[in-house]
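Each chain is listed here by its residues.
Number of protein chains: 2
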Amino acid sequence: MLYYNSDCNETNEMKILDCTIRDGGLTNDSYFSLDTVRAVYQAVCRSGIDYVELGYRNSKEILSPAEYGPWRFCDEEQLRKVVEGIEPLNTKISIMQDAHMAVPKDILPKAQSVVDLIRIATYLRDMDKAVVLARNATNRGYECTINIMAISQEELKEIEISLQKIESETDVQCVYIVDSFGALYPDDVHRLIEIYKKNLKNKKIGLHFHNSQQLAFANTLLGIKEEVHFIDGTLYGLGRAAGNCPIELLVGYLQNTKYDILPLLEVIQKEILILKEEIKWGYHIPYMLTGILKKHPRKAMSWMKRSQKDDFITFYKSITDKC
Amino acid sequence: MLYYNSDCNETNEMKILDCTIRDGGLTNDSYFSLDTVRAVYQAVCRSGIDYVELGYRNSKEILSPAEYGPWRFCDEEQLRKVVEGIEPLNTKISIMQDAHMAVPKDILPKAQSVVDLIRIATYLRDMDKAVVLARNATNRGYECTINIMAISQEELKEIEISLQKIESETDVQCVYIVDSFGALYPDDVHRLIEIYKKNLKNKKIGLHFHNSQQLAFANTLLGIKEEVHFIDGTLYGLGRAAGNCPIELLVGYLQNTKYDILPLLEVIQKEILILKEEIKWGYHIPYMLTGILKKHPRKAMSWMKRSQKDDFITFYKSITDKC
Numbered sequence: 035m036l037y038y039n040s041d042c043n044e045t046n047e048m049k050i051l052d053c054t055i056r057d058g059g060l061t062n063d064s065y066f067s068l069d070t071v072r073a074v075y076q077a078v079c080r081s082g083i084d085y086v087e088l089g090y091r092n093s094k095e096i097l098s099p100a101e102y103g104p105w106r107f108c109d110e111e112q113l114r115k116v117v118e119g120i121e122p123l124n125t126k127i128s129i130m131q132d133a134h135m136a137v138p139k140d141i142l143p144k145a146q147s148v149v150d151l152i153r154i155a156t157y158l159r160d161m162d163k164a165v166v167l168a169r170n171a172t173n174r175g176y177e178c179t180i181n182i183m184a185i186s187q188e189e190l191k192e193i194e195i196s197l198q199k200i201e202s203e204t205d206v207q208c209v210y211i212v213d214s215f216g217a218l219y220p221d222d223v224h225r226l227i228e229i230y231k232k233n234l235k236n237k238k239i240g241l242h243f244h245n246s247q248q249l250a251f252a253n254t255l256l257g258i259k260e261e262v263h264f265i266d267g268t269l270y271g272l273g274r275a276a277g278n279c280p281i282e283l284l285v286g287y288l289q290n291t292k293y294d295i296l297p298l299l300e301v302i303q304k305e306i307l308i309l310k311e312e313i314k315w316g317y318h319i320p321y322m323l324t325g326i327l328k329k330h331p332r333k334a335m336s337w338m339k340r341s342q343k344d345d346f347i348t349f350y351k352s353i354t355d356k357c
Numbered sequence: 035m036l037y038y039n040s041d042c043n044e045t046n047e048m049k050i051l052d053c054t055i056r057d058g059g060l061t062n063d064s065y066f067s068l069d070t071v072r073a074v075y076q077a078v079c080r081s082g083i084d085y086v087e088l089g090y091r092n093s094k095e096i097l098s099p100a101e102y103g104p105w106r107f108c109d110e111e112q113l114r115k116v117v118e119g120i121e122p123l124n125t126k127i128s129i130m131q132d133a134h135m136a137v138p139k140d141i142l143p144k145a146q147s148v149v150d151l152i153r154i155a156t157y158l159r160d161m162d163k164a165v166v167l168a169r170n171a172t173n174r175g176y177e178c179t180i181n182i183m184a185i186s187q188e189e190l191k192e193i194e195i196s197l198q199k200i201e202s203e204t205d206v207q208c209v210y211i212v213d214s215f216g217a218l219y220p221d222d223v224h225r226l227i228e229i230y231k232k233n234l235k236n237k238k239i240g241l242h243f244h245n246s247q248q249l250a251f252a253n254t255l256l257g258i259k260e261e262v263h264f265i266d267g268t269l270y271g272l273g274r275a276a277g278n279c280p281i282e283l284l285v286g287y288l289q290n291t292k293y294d295i296l297p298l299l300e301v302i303q304k305e306i307l308i309l310k311e312e313i314k315w316g317y318h319i320p321y322m323l324t325g326i327l328k329k330h331p332r333k334a335m336s337w338m339k340r341s342q343k344d345d346f347i348t349f350y351k352s353i354t355d356k357c
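Those protein sequences? They're chains A and B, same order as listed. Residue numbers for the first sequence, in my numbering: 35 to 357. Residue numbers for the second sequence, in my numbering: 35 to 357.
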């Protein structure tokens with residue numbers, strides 16, 4: 035019939051990474067219960083998703099454990115509580131380090147860890163720190179990526195310089211385009227993928243989108259077509275502000291492949307939906323406005339906690355020059 | 035900077051049509067208050083949107099006025115109550131006729147009507163009726179389009195035959211691609227636009243998407259790039275099942291053009307948000323599932339009214355062979 039049908043070849047190389055707990059942790063200071071994290075881990079394994087990211091390993095000397103939940107630090111002991119008794123099947127475990135909030139010494143040698151992949155999230159200005167953390171991770175035996183955040187704010191020339199630095203100074207397998215503000219249109223994504231391909235001869239490309247303008251899934255589909263290697267999603271889109279690309283949409287699109295949507299539906303039903311009572315992710319006008327205005331969503335997140343959260347006009351005026 | 039910036043040239047030809055009341059009426063049997071419809075009309079006029087569709091003009095001999103609200107029939111007298119005292123600026127008024135539920139005699143001569151545009155919605159199987167209604171509308175002095183519904187279910191060859199019939203037998207200005215099920219991926223849209231362009235030498239192309247898979251806005255952006263003429267949106271995406279392309283996203287994308295987002299934000303805040311208490315549009319897993327499975331959303335809409343609406347697994351199994 036009419037449809038563009040995804041076929042299995044598309045996934046021979048491509049990997050899906052679920053970062054529900056990690057990115058969702060930006061909405062609740064990483065305070066998920068162990069039961070929730072285990073349920074997510076088990077569902078993601080059963081669905082055949084390639085990687086699951088269980089949180090950050092940021093430094094307790096920089097962030098206070100009194101202010102953040104356990105998934106902001108992901109102690110090895112904590113991670114072992116997650117995986118205990120659950121069959122991983124083919125799913126690998128990822129954690130993230132923020133370049134400006136993490137230190138190399140928190141990473142154990144790979145042989146002592148359940149972690150497979152360490153992703154280094156960085157702003158361009160912190161690229162030197164990111165390179166140090168990435169070299170540390172690969173030297174200790176892990177797979178590694180560098181994820182360039184807030185890329186919509188950066189000059190193309192500066193992006194190219196950083197890509198060349200990553201290419202020549204690290205052994206990471208992949209570099210991500212991270213649309214932290216949900217500001218990128220498909221043509222922007224296309225242009226960035228071209229720039230990444232031009233500057234990265236020995237690294238793959240990854241994509242992580244926010245959904246401020248309901249473009250996270252569509253931008254990811256574009257990336258699949260342009261043969262990127264890593265794509266990120268989260269259960270029901272749970273993530274900062276408007277959230278991320280819903281992983282069930284990715285698996286729905288790839289429904290003739292190895293992935294199974296049913297475990298994802300089940301865990302959304304049992305564990306994720308109820309979080310909506312506390313966390314306001316999804317399509318909301320304040321998040322949309324920071325997306326179209328190419329701004330960090332923090333003001334929208336703060337606005338969404340107010341009783342007058344639906345006074346869109348006042349919010350719009352507060353973040354623009356209009357008055 | 036980095037972004038793909040929409041520029042004014044893109045809108046020289048393109049027209050935006052707001053169909054909040056018409057498509058939203060499929061969620062509440064067209065029972066909006068006159069005050070709500072007037073507020074929507076005024077906001078759409080002030081924002082510079084090109085057309086506003088206030089409902090259907092279907093036949094009272096086929097549908098009972100006891101079962102449907104006034105916006106399913108759009109009596110001329112009712113429409114005059116909407117526009118009275120409101121400055122239309124440059125916004126034209128549209129109504130829709132369903133090919134299988136409307137009759138020619140309900141259309142007054144243009145000189146006696148506030149309506150500018152009549153859109154004929156049809157399944158391919160009712161194309162003969164659609165052509166009769168379209169010829170009636172243009173003969174009586176209106177602008178007219180034919181909107182091919184549920185196009186994801188049709189064979190390409192049959193679509194081409196119908197396009198050729200419309201081209202040769204009518205004076206409509208535009209033929210729409212209508213993704214009633216929210217099943218089309220961007221590559222499907224691209225292919226359909228190619229087929230429309232190949233078969234329509236003297237008609238423009240229009241796009242109307244449903245948002246089951248969060249692709250309505252992205253698919254519309256693709257259409258803008260491929261130079262379609264008419265694009266549809268609704269306030270906050272209000273519309274059947276998952277709803278439509280949010281018109282505020284379109285205007286956000288086109289923010290350097292003649293359109294103004296503020297009146298849209300204001301009416302969403304004052305009139306549309308409150309409807310969420312009664313109407314479950316937006317991204318919900320049952321609607322998503324009918325989208326990825328390429329099915330009519332009616333089963334999902336019915337499911338969403340049950341107390342067990344969040345039992346996704348049972349719903350999934352009920353609409354597939356899996357048990």
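I should point out that these hints are in silico values taken from the structure, not numbers from a laboratory. Just so you know, these numbers come straight off a predicted model, no measurement behind them. Beta carbons: idealized from backbone N, C-alpha and C, even for Gly. A portion of the hints provided could be inaccurate.
Here are the simulated EDC-like cross-link-like pairs (lysine to aspartate or glutamate), alpha carbons at most 20 Å apart as the crow flies [to be verified]: (1) A/LYS310 to B/ASP294; (2) A/LYS126 to A/ASP294; (3) A/LYS232 to A/GLU203; (4) B/LYS304 to A/ASP345; (5) B/LYS351 to A/GLU300; (6) A/LYS339 to A/GLU312; (7) B/LYS343 to A/GLU95; (8) B/LYS94 to B/ASP63; (9) A/LYS343 to B/GLU311; (10) A/LYS144 to A/GLU188; (11) A/LYS292 to B/ASP355; (12) B/LYS304 to B/ASP294; (13) B/LYS139 to B/GLU111; (14) A/LYS191 to A/GLU203; (15) B/LYS314 to A/ASP344; (16) A/LYS238 to A/ASP205; (17) A/LYS328 to B/ASP294; (18) B/LYS310 to A/ASP344; (19) A/LYS328 to A/ASP355; (20) B/LYS304 to A/ASP344; (21) B/LYS343 to A/GLU311; (22) B/LYS235 to B/ASP205; (23) B/LYS310 to A/GLU312; (24) A/LYS139 to A/GLU95; (25) A/LYS304 to B/ASP345; (26) A/LYS351 to B/GLU300.
Now the stretches of chain A that chain B is said to cover, found in silico as 3 or more residues with beta-carbon under 8 Å [claimed, not checked]: (27) 79-88; (28) 92-104; (29) 240-251; (30) 277-283; (31) 316-328; (32) 338-347.
Hint by hint, here is what the structure shows:
no. : hint                 : in the structure
1   : A/LYS310 to B/ASP294 : violated, 32 Å
2   : A/LYS126 to A/ASP294 : holds, 17 Å
3   : A/LYS232 to A/GLU203 : holds, 17 Å
4   : B/LYS304 to A/ASP345 : holds, 9 Å
5   : B/LYS351 to A/GLU300 : holds, 12 Å
6   : A/LYS339 to A/GLU312 : holds, 10 Å
7   : B/LYS343 to A/GLU95  : violated, 46 Å
8   : B/LYS94 to B/ASP63   : holds, 14 Å
9   : A/LYS343 to B/GLU311 : holds, 16 Å
10  : A/LYS144 to A/GLU188 : violated, 34 Å
11  : A/LYS292 to B/ASP355 : holds, 18 Å
12  : B/LYS304 to B/ASP294 : holds, 17 Å
13  : B/LYS139 to B/GLU111 : holds, 16 Å
14  : A/LYS191 to A/GLU203 : holds, 18 Å
15  : B/LYS314 to A/ASP344 : holds, 18 Å
16  : A/LYS238 to A/ASP205 : holds, 11 Å
17  : A/LYS328 to B/ASP294 : holds, 18 Å
18  : B/LYS310 to A/ASP344 : holds, 13 Å
19  : A/LYS328 to A/ASP355 : holds, 14 Å
20  : B/LYS304 to A/ASP344 : holds, 9 Å
21  : B/LYS343 to A/GLU311 : holds, 16 Å
22  : B/LYS235 to B/ASP205 : holds, 12 Å
23  : B/LYS310 to A/GLU312 : holds, 18 Å
24  : A/LYS139 to A/GLU95  : holds, 12 Å
25  : A/LYS304 to B/ASP345 : holds, 9 Å
26  : A/LYS351 to B/GLU300 : holds, 12 Å
27  : 79-88                : violated (count 0)
28  : 92-104               : violated (count 0)
29  : 240-251              : holds (count 6)
30  : 277-283              : holds (count 3)
31  : 316-328              : holds (count 8)
32  : 338-347              : holds (count 4)
Hints 1, 7, 10, 27, 28, counting from the list given before, are not met by this structure.
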